[in-house]
Amino acid sequence: MTAIIQTEKLTKSYGEHRGIVDVDLEVAETEVFGFLGPNGAGKTTTIRTILDLIRPTSGRALVFGIESTSDPVAIHRRIGYIPGEFSLYDRLTGGQTIDYFANLRGGVDRTYQQSLIERFDVDPTRKFKEYSKGNKQKIGLVIALQHRPELLILDEPTSGLDPLVQQSFYALVREASAEGRTVFLSSHILSEVERTCDRVAIIRDGLLVKVDSVEGLRDLAHHQVELRFTETVPVDAFRGLAGVSDVTVEDHILRMRVSGPITPVVQVAARYDLLDFVSREPSLEETFLAQYGDQQPTLAVPA
Amino acid sequence: MTAAVGAVRPSASRWSRIYGLGTVYAKTLRDSRLAILIVSGLVAGTFLSSAVAFGKAYSTAVSRQELQSLVNSLPPVMAGIYGNPFPGAIDTLGGAIAWKGGGSLALIAALWSVFALAGTLAGEVRRGSLEFVATTPLGMRRIAIEKLAAHVTGMAIVVVIIALCGVVSSAAFASLPGDEIPLQAAVGFALWLGVMALASGSVAFVLGPLVGRGGAAAVGGAVLLGGYFLNGYQAAVPAFAPLANLTWWGWTAHHQPLTGNPDWLSLVPVAVVAVVLFVIGIEAFARRDLGSTGRIPWPSIPRGLLGLSGPASRSLGERLPLAVGWGIGIGLFAFVLGAAAKSFGQSISQLAPDVMSVFKSIFPTIDLTGAGGFLELTFVTFGFILAGFAASTLVNGWASDETGGRLETLLSTPLSRVRWALSAGLGLFGAIAVLTALLALGVGVGSAITGGDVLTPILGTLVIGAYAAALAGIGMAVGGVISTSFAGEAVAAIVIATFMLDLLVPALSLPDWVRQVALTAHLGQPMLGTWDPFGIAACAVLAIGGLLIGAWGMARRDVAR
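From first to last, the protein sequence lines are chains A and B.
Number 28 in the numbering used here belongs to position 28 of the first sequence; there are no gaps in the numbering.
Number 453 in the numbering used here belongs to position 453 of the second sequence; there are no gaps in the numbering.
Derived from the structure by calculation, the hints contain no laboratory data.
This one's a predicted model, so the numbers in the text were calculated from it and none came from an experiment.
Quick reminder that beta carbons are idealized off the backbone N, C-alpha and C, glycines included.
Each computed SDA-like pair below joins lysine to any residue, with the alpha-carbon atoms no more than 20 Å apart: (1) A/Lys129 / B/Gly404; (2) A/Lys9 / A/Ala28; (3) A/Lys136 / B/Arg561; (4) A/Lys133 / B/Arg406; (5) A/Lys129 / B/Leu322; (6) A/Lys133 / B/Gly405; (7) A/Lys9 / A/Gly65; (8) A/Lys127 / B/Pro302; (9) A/Lys133 / B/Asp289; (10) A/Lys133 / B/Glu131; (11) A/Lys129 / B/Arg561; (12) A/Lys127 / B/Leu322; (13) A/Lys129 / B/Arg303; (14) A/Lys127 / B/Arg406; (15) A/Lys129 / B/Pro299; (16) A/Lys129 / B/Pro302; (17) A/Lys127 / B/Leu305.
Restraint-style ranges between C-beta atoms, simulated for each label pair: (18) A/Ile253 / B/Ile482: 55 to 65 Å; (19) B/Leu183 / A/Lys129: 44 to 54 Å; (20) B/Gly545 / A/Asp71: 26 to 36 Å.
In isolation and in its complexed conformation, chain A is listed as follows (with noise of 0.2 Å):
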């Protein structure tokens, strides 16, 4: 499969900030790439670096083959792209804001670009600045999708979104793989790249630690489940159970890490009184250091 992005060592050093180190990437066309990682570990730089908002300090990105660097309005041309935080016009309305992008862009399809509108649900005469910060999102997403780009580049798109929207912008990336089109995908969201990707790549300190596909990170998932019984609890009938881990008790309440599916532990559960079962999908950064610790981290083979 042709590869769309492409980094080879791409590294962005800030001074004595780190920014990103030796990141090597390869998206294939068609393919729904998401690109995880706590805040600050170095998605947007990456982004950046491969849309030539910034240069790389060494190594190189490729987007479409072309070098970042030496042709980027040929690699513009063809993407659409919503930025992790961004502002556009505040005197102009939101209809007039994706007008004048339809504009720069030229041969945009506006029958499609109303179609967003109304999926989006977004109101267009309102001015830029009156929006709430999901209205506002809301344009950019419209921004980023009205020309049907080959390839779609979105830094934490679903930021300020309420849930139905997320569900109208899922359908939208689902839409485009099945049209084709690539869409790269940035979040530090677990269920939601979960959801829309078929690899991913986690980012931390500015490394690329794992490549995988969403089955092989789905691994890393687990839940953190507590149980409180009425009466002692029955710490034996769970420490055996498969994916079941780190099992401590404290009076009643018995509490374990669960990876892979649930479903032994509510059926031993079920057997014995209850007050109270809570279980809880970690977020990303706990399940990543669950699984890594405090290491540093080192650098990923792509699966």
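We have chain A already, so just place chain B on it with the hints.
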């Protein structure tokens, strides 16, 4: 666990307090420290340089008498050119400083007060940081009072420095009897300056929560400058006198402590106005919804002028309201002066022949009876300063594509950095053209009322436009090569430096080449049709060269977020 209600807040550490992080008051004062330093430096420099210049140029009784005769022979319009319509005791150190520098000193302090107090609450609302401050256990009134108190403290520092300058000048530069400036006189002058500045700032403060930072600064600035010019020219243009007496400039026109003629009572109503407006401002801030500001009614820009078709037209469309605002403001100023030239011409024609010959010797190339001559004398210097500040704000707007976070989205389209820089720069030049056209309109209509040659002063406005374009070019070069975050400030710094050169070079008897460093020294007498080709060429090179260098710089550096 929940904290006990009414629990005592742990006090801030000593280091926190020293760094200005202990209270809203201290934080605001900390944020103002650079402005306090700049304003103090400007007013102290202006005051002391005036004293040095006077001491050097008029060290004998004979020279003092000649100066007194000359100023007495000036028509009112010339005597009021520095903002003081009733000069007195010109032959003393204090009198000369009060006449020539007093108005400028108050203007500098008042402009700072207007901009600072317009933004002290509204600016923080805009940034969003006020949401955090307002959700601490501090009440809204307390926040407003602490912020205001910090500005008043800053102004008090400026007042003390001015008073010290008076005392130092007296001790160092007094050379003849009558030059002494008693402490009471120095304090009287400094207090006047502080009260005038705070009264002007109070207008912006009261409007800030209602119409936002820009609107408050615009109205506050208009009230300040309008009062200054009405007062300065009230003796020359009788129609101005009733209006001047409505302003605090007019109320305190006879308070001249540096000449030994204080009018302490005249300061009281100014102080009362300031206090009343401050109280209203605090209450308005406390009672209104946080961040909910109205707008000064301003017609919406028609869609066709928004410039949605491309980056150059968008840049022009985005800058248009500001350019129109500046154009109307400066144009109105020029219109008033152009129209007032008739009155000036009449008073000139009534001068005694010997006084007329003195004038001819001072202004040999200027026809003092025409609108062009009057505008050259009274408007051009201010016109350059105002056009320079307009260029600074327009460059700030140009820079906001990057500083405001839009550029990243713009450059993700098929718009190269170079094309963005060139297009946005052309849009900026277009905005300066609009400003210049409105200025030309004001000059033209004002001159037409006076009669005589109208075309020459209209064409002269092109030189002011070229100067603004040159400054914009410098701003774009700075923004492109170094950073857009201080491109506008760089332009403002050049405007202030040029003003200081004009002021200090003659005052300190510096070599003439120092004065020649300023671009304004090479722009001829535009209102009289005397164009300096070198200066015009320099403007063109700076404007176009700056645009190209800016584009080159943008192509080379990282885009800021």
